[in-house]
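2 protein chains.
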Amino acid sequence: MVRISLDVMGGDFGAQVVIPGAAKALERHPDIRFVLFGIESECAPLLDKHPKLKAASVFHHSEIAIAMDEKPSQALRRGRGKSSMWNAIDAVGKDEADVVVSAGNTGALMAMSVFCLRTMSGIQRPAIAAIWPTLKGESIVLDVGATIGANAQQLMDFALMGGAMARALFEVERPTLGLLNVGVEEMKGQEEVKEAGRLLREAGLDSIDYYGFVEGDDIGRGTVDVVVTEGFSGNIALKTAEGTARQIAEYLRAAMSRTLLAKIGYILAKGAFDRLREKMDPRKVNGGVFLGLNGVVIKSHGGTDAEGFAAAIDVGYDMVRNGLKAKIANDLQKYRAVAASESAAGSMSDEV
Amino acid sequence: MVRISLDVMGGDFGAQVVIPGAAKALERHPDIRFVLFGIESECAPLLDKHPKLKAASVFHHSEIAIAMDEKPSQALRRGRGKSSMWNAIDAVGKDEADVVVSAGNTGALMAMSVFCLRTMSGIQRPAIAAIWPTLKGESIVLDVGATIGANAQQLMDFALMGGAMARALFEVERPTLGLLNVGVEEMKGQEEVKEAGRLLREAGLDSIDYYGFVEGDDIGRGTVDVVVTEGFSGNIALKTAEGTARQIAEYLRAAMSRTLLAKIGYILAKGAFDRLREKMDPRKVNGGVFLGLNGVVIKSHGGTDAEGFAAAIDVGYDMVRNGLKAKIANDLQKYRAVAASESAAGSMSDEV
Numbered sequence: 290m291v292r293i294s295l296d297v298m299g300g301d302f303g304a305q306v307v308i309p310g311a312a313k314a315l316e317r318h319p320d321i322r323f324v325l326f327g328i329e330s331e332c333a334p335l336l337d338k339h340p341k342l343k344a345a346s347v348f349h350h351s352e353i354a355i356a357m358d359e360k361p362s363q364a365l366r367r368g369r370g371k372s373s374m375w376n377a378i379d380a381v382g383k384d385e386a387d388v389v390v391s392a393g394n395t396g397a398l399m400a401m402s403v404f405c406l407r408t409m410s411g412i413q414r415p416a417i418a419a420i421w422p423t424l425k426g427e428s429i430v431l432d433v434g435a436t437i438g439a440n441a442q443q444l445m446d447f448a449l450m451g452g453a454m455a456r457a458l459f460e461v462e463r464p465t466l467g468l469l470n471v472g473v474e475e476m477k478g479q480e481e482v483k484e485a486g487r488l489l490r491e492a493g494l495d496s497i498d499y500y501g502f503v504e505g506d507d508i509g510r511g512t513v514d515v516v517v518t519e520g521f522s523g524n525i526a527l528k529t530a531e532g533t534a535r536q537i538a539e540y541l542r543a544a545m546s547r548t549l550l551a552k553i554g555y556i557l558a559k560g561a562f563d564r565l566r567e568k569m570d571p572r573k574v575n576g577g578v579f580l581g582l583n584g585v586v587i588k589s590h591g592g593t594d595a596e597g598f599a600a601a602i603d604v605g606y607d608m609v610r611n612g613l614k615a616k617i618a619n620d621l622q623k624y625r626a627v628a629a630s631e632s633a634a635g636s637m638s639d640e641v
Numbered sequence: 290m291v292r293i294s295l296d297v298m299g300g301d302f303g304a305q306v307v308i309p310g311a312a313k314a315l316e317r318h319p320d321i322r323f324v325l326f327g328i329e330s331e332c333a334p335l336l337d338k339h340p341k342l343k344a345a346s347v348f349h350h351s352e353i354a355i356a357m358d359e360k361p362s363q364a365l366r367r368g369r370g371k372s373s374m375w376n377a378i379d380a381v382g383k384d385e386a387d388v389v390v391s392a393g394n395t396g397a398l399m400a401m402s403v404f405c406l407r408t409m410s411g412i413q414r415p416a417i418a419a420i421w422p423t424l425k426g427e428s429i430v431l432d433v434g435a436t437i438g439a440n441a442q443q444l445m446d447f448a449l450m451g452g453a454m455a456r457a458l459f460e461v462e463r464p465t466l467g468l469l470n471v472g473v474e475e476m477k478g479q480e481e482v483k484e485a486g487r488l489l490r491e492a493g494l495d496s497i498d499y500y501g502f503v504e505g506d507d508i509g510r511g512t513v514d515v516v517v518t519e520g521f522s523g524n525i526a527l528k529t530a531e532g533t534a535r536q537i538a539e540y541l542r543a544a545m546s547r548t549l550l551a552k553i554g555y556i557l558a559k560g561a562f563d564r565l566r567e568k569m570d571p572r573k574v575n576g577g578v579f580l581g582l583n584g585v586v587i588k589s590h591g592g593t594d595a596e597g598f599a600a601a602i603d604v605g606y607d608m609v610r611n612g613l614k615a616k617i618a619n620d621l622q623k624y625r626a627v628a629a630s631e632s633a634a635g636s637m638s639d640e641v
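Protein chains in written order, with my numbering: chain F, 290 to 641; chain C, 290 to 641.
Mixed in with the good hints, there may be bad ones.
Since the list can't tell identical chains apart, any single copy or any two copies may satisfy a pair.
[Said to hold, decoys possible] Below, simulated EDC-like cross-link-like pairs (lysine to aspartate or glutamate); rule was C-alpha separation at most 16 Å, straight line:
(1) 614 / 594
(2) 313 / 596
(3) 425 / 539
(4) 313 / 358
(5) 338 / 301
(6) 616 / 462
(7) 616 / 481
(8) 313 / 594
(9) 371 / 596
(10) 371 / 498
(11) 425 / 506
(12) 552 / 563
(13) 623 / 359
(14) 623 / 495
(15) 371 / 352
(16) 341 / 320
(17) 360 / 384
If you're looking for bench data, these hints aren't it; they were derived computationally from the structure.
Bound conformation, chain F alone:
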């Protein structure tokens, strides 16, 4: 059994998308038990339409829905203890659920998650990990915007967390990992990135196969399973890729409707175009994952539909089934223990 709590009011369409999305995910994974938080008058009629979901769920009324444009500080003040978002996160904090999924406002979700769940022992900063479609399948990119800037130790933490997530999501034993940089030469890049590269090389981790530096075009190529960067450049990379994909889709649409021959060609190749659209569909790879908290939080795109929200639930489901939280804690502990023992050995030899 996997227990998933949902912020039913989150996202541009709230219960209209979340409830049918949950019903879809339940069909695929009948061992899910949902804990739902939302405004009862809006949720109950929709829930009645999905009797199987209703039977697999516990519903709790929440007074408040957090708006998509609400400032995190305001959302915290107004929504603490009363909003569907807060209550859904809190269910994980109280061990009433294993993972929470919300399509709500990212800033508010992060603020409430940090407040409610706290960062894991030994982790200074949470990160948002994106699941990025690549030519080889999928990669994990983090941090895509939880915080701005990161020192070498924080990048190392991101690497450990991203590596654990790759093992949980892709079921590979020792994922490859690269640090995002502006060049592959050793001499280039930010000091923090170079220092993190040194830490990763020297750590010789069992859990991660450190590849070295990667560049922006390596992400889509799928050069490594995990790409680590600080939140400013990670967010810019993510948004730039989304923008480029939309731009090319727009070019394609314009090109295919310009001449009669192109229109006929489009109709004949429609199956192929549909498959392409599916590949480029953000709903299919829906779900940023907040890492480094005492609990797994999945952020779904705000504008997603039921299919997309179900995909975000799938990600949460996989994370729980594959023991993401334990994997992260275990990897961190191992790395810290080795690092501590080496530093102790170093100080002993100093004394001799």
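Position chain C relative to chain F; hints supplied.
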């Protein structure tokens, strides 16, 4: 007359691409006079095939060709005064040419350009400006990798230089300009970016219409004429967009060859696909521009063909015709004068 010096040995294919590329550009712009630098034995036979180009050029022999993978420091040591790259840049320094174009190694080209031309008075750091295809046409994005990190004043300098370049390239009177950031809310982002936003708002420049913060997906959308960021995130944005475009082209190719119907559709719509390919073609928007030096330096893609190199020459030609250097110098001087007078006025009132 526009005087253009060329590093004939630069790029993956050297003279094989540069000489036919120059011949193409000359056909479009008969008022170009070229100053060519290269290894004579390699260049002379090619030049003989293009008599019009030969008649419009002065050729100078250079002993050395800088390799594409040579480290900047090594290139400087080995190639100073002797390489085609150095000599081509030096021609601008000696006012024997108005602009230099090279498809050579970016790091070496930047190092030699800074060494040979020096930064403009009042500019601490040069920037590389990319010409970015957008849904509305083209935008300028800088810095895409000349240096890592930038403080608010340096971002302000990038804004002034990018604004001048937009006026020279797009022939708009007051280009719109945005600062690349992770969110449009005032509270978000790096301190330097927020401070640069304040400087831009307060400066109230004639030469720039300051839009505010933009995000990664605004670049391809063409929200503003000029996008300003520091070199690390700018380089990551550029490479990520290139990678995404290649990735989607690959998806499209695969989709269109999967079924017979798709193949027939592809053949019928071939004209449309060709137009799409042209839109996405990096050769068409070839040419990073080094800004902030006492002379204009155009970097062409190393792997480009003659058409692409000719496009880079076109960019150089436009820059000279539209007085880029004078525009930058003028805008900087004006801004500095206003800033200085305001600070003087401030100190006077302190004395009262």
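These are the hints, each one checked on the structure:
no. : hint      : verdict
1   : 614 / 594 : neither (28 Å within a copy, 51 Å between copies)
2   : 313 / 596 : within (7 Å within a copy, 52 Å between copies)
3   : 425 / 539 : between (24 Å within a copy, 11 Å between copies)
4   : 313 / 358 : neither (28 Å within a copy, 53 Å between copies)
5   : 338 / 301 : neither (21 Å within a copy, 64 Å between copies)
6   : 616 / 462 : within (12 Å within a copy, 57 Å between copies)
7   : 616 / 481 : neither (26 Å within a copy, 37 Å between copies)
8   : 313 / 594 : within (11 Å within a copy, 51 Å between copies)
9   : 371 / 596 : neither (28 Å within a copy, 63 Å between copies)
10  : 371 / 498 : neither (44 Å within a copy, 44 Å between copies)
11  : 425 / 506 : within (13 Å within a copy, 24 Å between copies)
12  : 552 / 563 : both (15 Å within a copy, 15 Å between copies)
13  : 623 / 359 : neither (40 Å within a copy, 41 Å between copies)
14  : 623 / 495 : within (10 Å within a copy, 59 Å between copies)
15  : 371 / 352 : within (6 Å within a copy, 76 Å between copies)
16  : 341 / 320 : within (12 Å within a copy, 77 Å between copies)
17  : 360 / 384 : neither (28 Å within a copy, 56 Å between copies)
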